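**Student:** As a plain string of letters, each chain reads:
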Amino acid sequence: MTHVRNAWHVAAWSCDIAAEKPFAISILGEPVVIWRSASGAIRALEDRCIHRLAPLSLGRCEGENLRCLYHGLLFAPDGGLLEIPGQDLIPPKAGVRSYPVADRHDWIWVWMGDPALADEALIPPAVGTSDPDWILGYGQLDYAADARLICDNLLDFSHLPYVHAQSFQAGPEFAANPPKITPVERGVRVTRWLPADVGNWRNPHDVPVEVYQTYDFLVPGVLLMWSANYPEGTAARLGDAIPAMDDALSGLNFTSQAVTSTGPGTARYYFSWGPHCRHGDAAKRDGMMKMAGLAFAEDKTMIEAQQRVIAMTPDPKVMPTAHDRGVTLYNRLVEKLARHNPSELESAA
Amino acid sequence: MTHVRNAWHVAAWSCDIAAEKPFAISILGEPVVIWRSASGAIRALEDRCIHRLAPLSLGRCEGENLRCLYHGLLFAPDGGLLEIPGQDLIPPKAGVRSYPVADRHDWIWVWMGDPALADEALIPPAVGTSDPDWILGYGQLDYAADARLICDNLLDFSHLPYVHAQSFQAGPEFAANPPKITPVERGVRVTRWLPADVGNWRNPHDVPVEVYQTYDFLVPGVLLMWSANYPEGTAARLGDAIPAMDDALSGLNFTSQAVTSTGPGTARYYFSWGPHCRHGDAAKRDGMMKMAGLAFAEDKTMIEAQQRVIAMTPDPKVMPTAHDRGVTLYNRLVEKLARHNPSELESAA
Amino acid sequence: MTHVRNAWHVAAWSCDIAAEKPFAISILGEPVVIWRSASGAIRALEDRCIHRLAPLSLGRCEGENLRCLYHGLLFAPDGGLLEIPGQDLIPPKAGVRSYPVADRHDWIWVWMGDPALADEALIPPAVGTSDPDWILGYGQLDYAADARLICDNLLDFSHLPYVHAQSFQAGPEFAANPPKITPVERGVRVTRWLPADVGNWRNPHDVPVEVYQTYDFLVPGVLLMWSANYPEGTAARLGDAIPAMDDALSGLNFTSQAVTSTGPGTARYYFSWGPHCRHGDAAKRDGMMKMAGLAFAEDKTMIEAQQRVIAMTPDPKVMPTAHDRGVTLYNRLVEKLARHNPSELESAA
Chain V
1 MTHVRNAWHV AAWSCDIAAE KPFAISILGE PVVIWRSASG AIRALEDRCI HRLAPLSLGR
61 CEGENLRCLY HGLLFAPDGG LLEIPGQDLI PPKAGVRSYP VADRHDWIWV WMGDPALADE
121 ALIPPAVGTS DPDWILGYGQ LDYAADARLI CDNLLDFSHL PYVHAQSFQA GPEFAANPPK
181 ITPVERGVRV TRWLPADVGN WRNPHDVPVE VYQTYDFLVP GVLLMWSANY PEGTAARLGD
241 AIPAMDDALS GLNFTSQAVT STGPGTARYY FSWGPHCRHG DAAKRDGMMK MAGLAFAEDK
301 TMIEAQQRVI AMTPDPKVMP TAHDRGVTLY NRLVEKLARH NPSELESAA
Chain H
1 MTHVRNAWHV AAWSCDIAAE KPFAISILGE PVVIWRSASG AIRALEDRCI HRLAPLSLGR
61 CEGENLRCLY HGLLFAPDGG LLEIPGQDLI PPKAGVRSYP VADRHDWIWV WMGDPALADE
121 ALIPPAVGTS DPDWILGYGQ LDYAADARLI CDNLLDFSHL PYVHAQSFQA GPEFAANPPK
181 ITPVERGVRV TRWLPADVGN WRNPHDVPVE VYQTYDFLVP GVLLMWSANY PEGTAARLGD
241 AIPAMDDALS GLNFTSQAVT STGPGTARYY FSWGPHCRHG DAAKRDGMMK MAGLAFAEDK
301 TMIEAQQRVI AMTPDPKVMP TAHDRGVTLY NRLVEKLARH NPSELESAA
Chain L
1 MTHVRNAWHV AAWSCDIAAE KPFAISILGE PVVIWRSASG AIRALEDRCI HRLAPLSLGR
61 CEGENLRCLY HGLLFAPDGG LLEIPGQDLI PPKAGVRSYP VADRHDWIWV WMGDPALADE
121 ALIPPAVGTS DPDWILGYGQ LDYAADARLI CDNLLDFSHL PYVHAQSFQA GPEFAANPPK
181 ITPVERGVRV TRWLPADVGN WRNPHDVPVE VYQTYDFLVP GVLLMWSANY PEGTAARLGD
241 AIPAMDDALS GLNFTSQAVT STGPGTARYY FSWGPHCRHG DAAKRDGMMK MAGLAFAEDK
301 TMIEAQQRVI AMTPDPKVMP TAHDRGVTLY NRLVEKLARH NPSELESAA
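Note that the protein sequences, when read in sequence, are chains V, H and L.
Note that UniProt numbering gives residue 30 to position 30 of the first sequence, counting from 1, and the numbers run on in steps of one.
Note that UniProt numbering gives residue 262 to position 262 of the second sequence, counting from 1, and the numbers run on in steps of one.
Note that UniProt numbering gives residue 270 to position 270 of the third sequence, counting from 1, and the numbers run on in steps of one.
Hints should not be assumed to be uniformly reliable.
[Claimed, not checked] Ranges of calculated distance between the beta carbons of each label pair, as one might list FRET restraints:
id, chain 1, residue 1, chain 2, residue 2, range
1, V, Ala38, L, Gly139, 35 to 41 Å
2, H, Met1, V, Gly139, 19 to 25 Å
3, H, Gly80, V, Lys317, 16 to 22 Å
These aren't lab readings, by the way, just hints derived from the structure by calculation.
Only a predicted model underlies this, so the values are computations on that prediction, with no experimental measurement involved.
Cβ atoms here follow ideal geometry from the backbone N, Cα and C, with glycine treated the same way.
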């Protein structure tokens, strides 16, 4: 499975990294330890002591440093070895790998590729759960499936009428016509106008509305989507132009989602969702999160079953359909970005 | 492990396939979905959508067809692709494999080999649980063991005095003398006369009787056995001739059993047992099934332990004994039938 | 992983082998059945019937012999095949492997290498739990880790201040200075003098004492350690000489520990500990065992985590430190002893 190493991978919710408590996660099959130092800096190192390969995440934060709690080796934030108890000479180049890491939009992001290329400007513009403009709930799910299968799912909403007919009350409109797909910097954009009749949960009015829905899906697996209701006729009037959020009649909401490959056949899926503060309140957010909880469990059931079928298939092949344009475009981008760094082509996580 | 693909494999109890409820099973490591259509027809398809390999068993029956509930592709009973939501052109030859399937003797049978060779006359003549001549109980067990180990067990009853001394009150007679073994069409026949003293559960009389016991073991792993009590001296009088069921003194009973390879190292074992309606009633059947429940759990304990030992043995070899004639004859037949279709030799389920 | 086959491996606590109850264990990935015969002799055979590879540990003791309870084959204590029910001819050389076995120091020891080399004088001089001079508690733990990782742990006590700061109240003295390491016959000796201030659990006095601590670590993974308190100044006075147990002020105690490789990535760890009968009582033993229970759980957490990191590391390499002298010396000895028998180099358990 090809993955883009030179990208910011979501490693945790910011609020889950407590002060001076090391946190362990695998990303692309590599063990990573993340912690907040005494000064509040966020740090990420290879979670594997050079001495005997014990995980540093079982270690102890000491000021800005992290001590392995097996035999006491002390590592600097850049991974350099500072101390070996009982030994005066420290091999000068000894140390573990350090990863560029950022605390942004209430997520912790880790750059898994060449540190020289780690540009914080490439962090996808997710909406953080603490953003005052939005009222967001959040959660996460661990998958027994390759990250790619979850990305494929998120890049093709034609599954909504089949997987989510109940939870999201998704009608055939999601499968009847493909959305508009356009390439964007490091991702693809998926945009559509949908009708919402009176009675649909999206539509609080007593007349039909038009729902604008748009998301960017960005490497290595980040979905950023907003949608809102507009008066009938808006789509025809605007053509390809993007409606202004401020002109929304109602229902303006945002969801940020991230798929992180933790290793071959496993992934972690993070998500937040909720209304704009002028379009809803905590009760509305809770209703939406309840719906999302049902829907994301439906996805998990299907995708993990799909993974099991793939695992028992000697030479698995897919047959793309008209709805796979977004999937195909995105996966080609992944291949292209991975080729930039030949070592990534071999990355098998 | 060699298996006979060109054979009818038991895939389910007929009563477990409800109307329009897809049922999933692996046979020889292949995912199969079975369902009863709106018209009542029984159907079996490859349980793997050609689009993205989601299991069709999570799908929805629509009339005679089956719809994948991931992205909505619709399949005909012959596996042909009928519909791709949102796409007008259907690739003309696209589809999934369909399997010949039959609902017979209260079992669902699936032909895993060349459909052109699927002859319903080859379905083993099991006695169905609804047969009015017999009063049968039934059950099934999932094994963490190769199907072959269960077949080996059923082909050699010399294990009875050791594995089933308690449950079946089996005495040394099962091991003291090998039974008569003869080849039959697509299987082997195992026949013996056994003494049953007063007090043995098989013998309800106050004089000793002779028990005739005969079974055919047929590819791909179906055991069909009857036994009954006869007056002392019958064996000597008849020689090799088969006694008539109608002449039985008492204890006439029938068991149908089937071993299905679900994949490498796993199998499902189906069984029914009970008295002839003139030789017992529901209470007798219940007593017999209780005994069988104990006995089949004894087999499972031994065979799964045997499988674990084999798994930790680099180059496992067996040493056949005099009692292995049936095992050897049957396994040679399996090799021969598998050779008919070279692809079967590679089948590793 | 290299292991010394030509060594006595601890297979069980003596008291866990009941009369005529076969006991199963894997050693170096080989299935072994151990039992006490009718005459009380301890026996060990390959736990794999030559007929169809069923485990003999599901079998039945009959006098001095062991019968497989699958098809009834009977084996002599030397592994020779005595009986095949229903078959007159017994292949003269047929049988299973028998292992030299000894019941010594309340442990059952199995020699996994060439039986001709099995010399009971090579059994490490552990202190049995029934030894009247000592008041010992005991226990065992199953590890999801290679035996070697546990041996490495026991050969380097510099982990004590980090892993066992709480449980054993180990101070930095265990890591500050390496102990004295010397080769001994089939192992290494680790010896040190440690200060114990007033208040330390080791020191029941109102003045500081000096603790002498010494252990031999012997193939295939047996640790035999004693320690005791001496008056301040004893270390300087004695130099390299070994203090007499009889001269101990207080705190004389003994622990016997054994690491048995049960297979690749798994091990069983046996331990006993307690005071000399003139230096403590059952209450003291219970307090020590409670402490050991906490400490050995700390080791298990660390070592199993280390094993998981190693498993996800493509080409795991260690960086030895000054404290690894014992580890390195011992592992070189293992390589050397394994080379004596070329087949051992291939042993991958």
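**Student:** Could you run down the list of hints and mark each one as holding or not?
**Tutor:** Each hint, compared with the structure:
no., hint, in the structure
1, V:Ala38 with L:Gly139: 35 to 41 Å, "holds, 39 Å"
2, H:Met1 with V:Gly139: 19 to 25 Å, "violated, 44 Å"
3, H:Gly80 with V:Lys317: 16 to 22 Å, "holds, 18 Å"
Comparing the model with each numbered hint stated earlier shows that hint 2 is the single one that does not hold.
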